[in-house]
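Chemist: These are the residues of each chain, in order.
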Amino acid sequence: MTTILETRSLNKEFGAVIAAKDLNVKVAKGEVVGVIGSNGAGKTTFINMVTGYLKPTRGEILFNGKSILGHSPRAITRAGMARSFQVAQLFPDMSVIDNLIVALAAAESPRPSFLSPLRSDARIARAEEILAEFGIENYQNSKVTAVPQGARKLVDIAMALIGNPQMLLLDEPTSGVSMDEKTGLMDTVMNAVRQHGVTVLFVEHDMDVVERYVSRVLAFYSGEIIADGKPAAVLADNRVRDLVTGHRPTHKKGNGAS
Amino acid sequence: MRFDKTEISLALVAIACVLFGFVSPGWLIFLLTIALAKALVVQGVVMQMRSGLVSFGQGLFYCIGGYTVGMGGQFFGIHDAIAALALGMAVAIVVAMILGLLLTRYRDIFFAMLSLAFSMILFGILVKSQGLGSTDGFNVHNWTVFGWAPDTGADSQQTVFTMTVLAGLLIAVLIHRYTKAGIGVICEAVRENEVRVEYLGLSPRWLLYGNYVAAASVSALGGGLTALATGHVDPEMAYWTTSGEFIFIALLGGLGHVAAPFIAAIVFSVVRTYSIEFVPNTWQMILGFTLLGVIVFLPKGLWSLVSREKSGERT
Numbered sequence: 001m002t003t004i005l006e007t008r009s010l011n012k013e014f015g016a017v018i019a020a021k022d023l024n025v026k027v028a029k030g031e032v033v034g035v036i037g038s039n040g041a042g043k044t045t046f047i048n049m050v051t052g053y054l055k056p057t058r059g060e061i062l063f064n065g066k067s068i069l070g071h072s073p074r075a076i077t078r079a080g081m082a083r084s085f086q087v088a089q090l091f092p093d094m095s096v097i098d099n100l101i102v103a104l105a106a107a108e109s110p111r112p113s114f115l116s117p118l119r120s121d122a123r124i125a126r127a128e129e130i131l132a133e134f135g136i137e138n139y140q141n142s143k144v145t146a147v148p149q150g151a152r153k154l155v156d157i158a159m160a161l162i163g164n165p166q167m168l169l170l171d172e173p174t175s176g177v178s179m180d181e182k183t184g185l186m187d188t189v190m191n192a193v194r195q196h197g198v199t200v201l202f203v204e205h206d207m208d209v210v211e212r213y214v215s216r217v218l219a220f221y222s223g224e225i226i227a228d229g230k231p232a233a234v235l236a237d238n239r240v241r242d243l244v245t246g247h248r249p250t251h252k253k254g255n256g257a258s
Numbered sequence: 001m002r003f004d005k006t007e008i009s010l011a012l013v014a015i016a017c018v019l020f021g022f023v024s025p026g027w028l029i030f031l032l033t034i035a036l037a038k039a040l041v042v043q044g045v046v047m048q049m050r051s052g053l054v055s056f057g058q059g060l061f062y063c064i065g066g067y068t069v070g071m072g073g074q075f076f077g078i079h080d081a082i083a084a085l086a087l088g089m090a091v092a093i094v095v096a097m098i099l100g101l102l103l104t105r106y107r108d109i110f111f112a113m114l115s116l117a118f119s120m121i122l123f124g125i126l127v128k129s130q131g132l133g134s135t136d137g138f139n140v141h142n143w144t145v146f147g148w149a150p151d152t153g154a155d156s157q158q159t160v161f162t163m164t165v166l167a168g169l170l171i172a173v174l175i176h177r178y179t180k181a182g183i184g185v186i187c188e189a190v191r192e193n194e195v196r197v198e199y200l201g202l203s204p205r206w207l208l209y210g211n212y213v214a215a216a217s218v219s220a221l222g223g224g225l226t227a228l229a230t231g232h233v234d235p236e237m238a239y240w241t242t243s244g245e246f247i248f249i250a251l252l253g254g255l256g257h258v259a260a261p262f263i264a265a266i267v268f269s270v271v272r273t274y275s276i277e278f279v280p281n282t283w284q285m286i287l288g289f290t291l292l293g294v295i296v297f298l299p300k301g302l303w304s305l306v307s308r309e310k311s312g313e314r315t
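Chains A and B, in that order, give the protein sequences.
When you number the first sequence by UniProt numbering, it's gap-free, plus one each residue, and the end is 258.
When you number the second sequence by UniProt numbering, it's gap-free, plus one each residue, and the end is 315.
The set of hints was computed from the structure by calculation and includes no laboratory data.
As the structure is a computational prediction, the values presented were derived from the model and not from experiment.
Incorrect hints may appear among the rest.
The following label-pair restraints were derived from C-beta to C-beta distances [as the list claims (entries may be wrong)]:
hint	chain 1	residue 1	chain 2	residue 2	range
1	A	Asn164	B	Gly231	54 to 62 Å
2	A	Ala122	B	Gly244	43 to 51 Å
3	A	Asn141	B	Val18	34 to 42 Å
4	B	Phe146	A	Lys143	47 to 55 Å
5	A	Asn138	B	Gly288	42 to 50 Å
6	B	Gly244	A	Asn24	55 to 63 Å
7	A	Val87	B	Glu277	52 to 60 Å
8	B	Asp4	A	Asn141	15 to 23 Å
9	B	Pro25	A	Val87	57 to 65 Å
10	A	Lys66	B	Phe76	47 to 55 Å
Sample of chain A residues facing chain B (criterion: CB under 8 Å; computed from the structure) [claimed, not checked]:
hint	residue
11	Arg74
12	Arg78
13	Leu118
Negatives, chain B to chain A, calculated, CB over 10 Å [unchecked claim]:
hint	residue
14	Cys17
15	Asn139
16	Glu236
C-beta atoms are modelled at their ideal positions from N, C-alpha and C, and glycine is treated no differently.
Could you build the full structure based on these sequences and the hints that come with them?
Modeler: See the structure below:
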């Protein structure tokens, strides 16, 4: 399969702290990769480096075979790699639909118009379709600060998907979401992602979510990748059990797996 | 081209203002002209405030607009008022395009102080320029409009007032559209969450840059009209207290509507004029209390009185 994302010997040091050490990752087009690891293992640092938020100390990042090292987040987004955030990054004073309309306008052109109205009929109709696709149409006119955490996460992910990215990086998509909402949220996200044919890499702490939705797992510990492979194999790995997941009972893989 | 309710209301108010100008005493016409011209400068301040930046140096463009009109007539034979105003805006755009490259790298207090620094640099240059009258400034040459020269001082005052009202209307309609257009809304989005804007594939810096340049041109127009109205320009136009006055008016009006700076500028003018008239030694204190009252009781400015009324809210 064609590689969409590759990192070569990626390192990040914050003074004496090594947040990422020789990260060599290849993600194939169409894969759904889960990233697990305890707090401070380097998962978010990895995503931040790949999406241009942090500059690696050393190493190389290739997206579709081309180096994106040192590129700005917007250039990387325009190249086709979008992301969502651990804490949903939205425009709090705007309504849910206006958040999506801004994202639609941004996806259409990097140079917004000086005089044509942002809220055009076409954009409103498209935003309504997206809200329906994500099951959050009831919150259409609510301010984002007034909607539940799960819906906010969905708005964040919907905004990332609006630009039709080839790859989507999700940083803890279910964090802060109640246990009951997690499966519904992930089902919605994974359905949307499959419809758009997007490669996904997501950081997750909930191993049930990981087992259910990913085709491959990367286990991080102390800035290094200590295991990489099929979920069952990685989660059964003794080092992963000792250092990341703890000794937990194994669950059967659910029907949401890709 | 279709006009919405706000634009039609603005046009009606503008027509009423022009007609009012024909029956009003000269002193009132002058006071309104200066207030409306300053409101244009404040529109530039408000445009930046909507994107999360507070310019403490908008006097820079006010002064550029004024001095370009003055110098155009005195030194370059540009006596047509419209041409001189357009030239002032063009010069402000060029200056803003250069300064904006540096300024839009900064946010918060750093942007505010840096904008103030540039304004004070211009003040310093003008104070040291003997050819431009140093601290006294110089008078603006008699001007014409499309070849027509006002016969008397009253004619001239009436003409500048009409031009100011019409310029105010044009700018208000453009800014009203701008705030609803892509760049206007996304500039507000930059204020709310710059990181998200960046991850939507847009450059917050270039958005702010476009906004800064647009705001500069509007403010220069206000400066040019003030120069035509007063017939005089001096370095005080770039002084920090002048920029402070624009922020004062912006806070007084609020960011809620394009009409707010106009209302606030008129209220400011009235309060200041009457304070100086009745309590000449403590008029600054009256202004201070006015601002204090607005911030405490109307944190979203005078316009919030109108928006509350519209939404049926009562205090």
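Chemist: Now tell me, hint by hint, if it's right for this structure.
Modeler: Comparing the hints with the structure gives:
Asparagine 164/A and glycine 231/B have their C-beta atoms about 59 Å apart, which keeps the hinted 54 to 62 Å range intact. The given range of 43 to 51 Å is respected by alanine 122/A and glycine 244/B, whose C-beta atoms sit roughly 44 Å from each other. Taking the beta carbon of each, asparagine 141/A and valine 18/B are about 40 Å apart, inside 34 to 42 Å as hinted. The beta-carbon spacing between phenylalanine 146/B and lysine 143/A, approximately 50 Å, falls within the hinted interval of 47 to 55 Å.
Our hint of 42 to 50 Å for asparagine 138/A and glycine 288/B holds, since their Cβ atoms are close to 48 Å apart. Distance hint check for glycine 244/B and asparagine 24/A: the Cβ-Cβ separation is about 57 Å, which falls inside the suggested range of 55 to 63 Å. Checking the proposed 52 to 60 Å range against valine 87/A and glutamate 277/B shows it holds: the Cβ atoms sit about 55 Å from each other. At about 20 Å, the CB distance of aspartate 4/B to asparagine 141/A agrees with the hint of 15 to 23 Å.
Between proline 25/B and valine 87/A the beta carbon distance is about 60 Å. The supplied range of 57 to 65 Å therefore holds. A hinted range of 47 to 55 Å for the beta carbons of lysine 66/A and phenylalanine 76/B is consistent with their spacing of about 53 Å. Satisfaction of the interface hint for arginine 74/A is found here, the shortest Cβ-Cβ separation to chain B being roughly 5 Å, below the 8 Å cut-off. Because the smallest distance between the Cβ of arginine 78/A and any Cβ of chain B comes to about 5 Å, under 8 Å, the interface hint for this residue holds.
At about 4 Å, the closest approach between the beta carbon of leucine 118/A and any beta carbon in chain B falls short of 8 Å, and the interface hint on this residue holds. No Cβ of chain A approaches the Cβ of cysteine 17/B within 10 Å, the least distance being about 25 Å, so the stated non-interface status holds. Every beta carbon of chain A lies more than 10 Å from that of asparagine 139/B, the smallest distance being close to 37 Å; the non-interface claim holds. With a closest Cβ-Cβ approach of about 33 Å to chain A, glutamate 236/B is found to remain outside the 10 Å limit, as its non-interface label requires.
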